[in-house]
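**Student:** Take a look at the letters that make up each chain.
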Amino acid sequence: MATYQLDVNGQSKKVDVDPGTPLLWVLREELKMTGTKYGCGISACGACTVHVDGIATRSCVVPVSLIGNRKITTIEAIAQDPVGRVVQNAWVEKDVVQCGYCQSGQIMSALALLKATPKPTDQNIEESMGGNLCRCATYVRIREAIKSASQQIR
Amino acid sequence: MLSNSRFFIRILLIVLSFTAAWIVLTASAAIEGRDRKKLNTDANRGEESATFAEGLAAWEQVYSVLISPRCINCHTATNYPQQGDDRHRHFANVVRGGPDGQGVPGLHCVGCHQEVNADSTGVPGGLNWHLAPLSMRWQDTNDRPLSSAAVCRAVTDRSRNENMDGPALLKHHEEAVLVLWAWNPGRRPDGTMRTVPPLGHAEFVNATRAWVEAGTPCPRGR
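Same order as they appear, the protein sequences are chains W and G.
Residue numbering for the first sequence follows my numbering, beginning at 269 and increasing consecutively.
Residue numbering for the second sequence follows my numbering, beginning at 8 and increasing consecutively.
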């Protein structure tokens, strides 16, 4: 076991865990932040996506020991970000969600895309969101919401 | 009158004798010099051939490492990296991204691959994990490794290799973080160790040094 001081959504959080514990389980089990979902556990589905220093990161495969002092942003803080707020509203506007399980990861990846590429092409969306799977197949509405958010970002 | 004629004939004979002797000596020296020069040239050519052959042999050792999965999986000609010893397409729809080969915003390489191997989750890592540029592709678009000659041309072409000369290539093979990773590739998700290239790193560096010292010769052919 080891003690780690993490910066999560702008707050300092202290956890005492095994160094190899994936960040996902530190968030969900230690910090009780269950907005970030467990899907596959091997970074193949994108449900566990959070941002680490602004990079969309698969929290299920990153051991907590490798996070260091980088800033972690989870779905719980999405509305505190101006672009995140726009994405959240677009998701509501387009009624994207069906079962909703993958949507935390979808939104975190969409946010990373729009921050790097505010006016994405269809190819940009397809490639950037290609690692986020949705068993309900809401892909068409996800694309519409990203385009809608893009139009609202200045 | 007669004695004068005999005198001139004697003088003429003496002159002719000296001339003949001079011609013979000069010709002999010329032939000897030519033969010596020829011998020297042959010796040099033999020496050069030996160095060239040794350089090519060293290159083949280098090539055996470059086409091993730990290296060639990120030197693709396609829009995606590969993974595994069977060099299958990287899962999760990972794509090359821009010319820097670092992925795309939602699927950045470093979104999974950290600065070191993550052995508890089986994800390999190294500083600034990314694909090699397309100019350094060592495969064709059907994921088949290029020939030794083609890879050698790519590696030695300074318009394609980030302007690296021989010593810079040696340094790259000695020190680059992602090159060194090939000999410390960490564990797979199932806990087993990833395979490493056919030569040890020290042998790889020695082979590169021998190849560089021979003038980075490349095999002929396609």
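Think of the hints as simulated: they come from the structure by calculation, not from any bench.
There's no promise every hint is true.
Examples of chain G residues toward chain W, derived with CB under 7 angstroms [to be verified]:
no.: 1; residue: A99
no.: 2; residue: A125
no.: 3; residue: M200
no.: 4; residue: V203
no.: 5; residue: L206
no.: 6; residue: A221
no.: 7; residue: C225
no.: 8; residue: G228
Here a beta-carbon is modelled for each residue, glycine too, at the ideal position from N, C-alpha and C.
**Student:** Does the interface hint hold: is G:V203 within less than 7 angstroms of chain W, judged Cβ to Cβ?
**Tutor:** 22 angstroms, violated
**Student:** Per the CB criterion, is G:A221 less than 7 angstroms away from chain W?
**Tutor:** It is violated, given that the least Cβ distance between G:A221 and chain W is near 42 angstroms, above 7 angstroms.
**Student:** Given G:M200 was flagged as interface, is its beta-carbon under 7 angstroms from a beta-carbon of chain W?
**Tutor:** 16 angstroms, violated
**Student:** Holds or violated: is the Cβ of G:A99 closer than 7 angstroms to a Cβ in chain W?
**Tutor:** OK, holds: G:A99 within 7 angstroms of chain W, min 4 angstroms.
**Student:** Taking the closest Cβ pair, is G:L206 under 7 angstroms from chain W?
**Tutor:** With Cβ-Cβ at 30 angstroms, over 7 angstroms, it is violated.
**Student:** Would you check whether G:C225 satisfies its interface hint, that is, whether its CB is within less than 7 angstroms of any CB in chain W?
**Tutor:** 36 angstroms, violated
**Student:** Checking hints one by one. Is G:G228 an interface residue toward chain W, by the C-beta closer than 7 angstroms rule?
**Tutor:** 37 angstroms, violated
**Student:** Does G:A125 pass the interface hint, meaning its C-beta sits closer than 7 angstroms to a C-beta of chain W?
**Tutor:** 5 angstroms, holds
Of the numbered hints given earlier, the model fails hints 3, 4, 5, 6, 7 and 8; all others are met.
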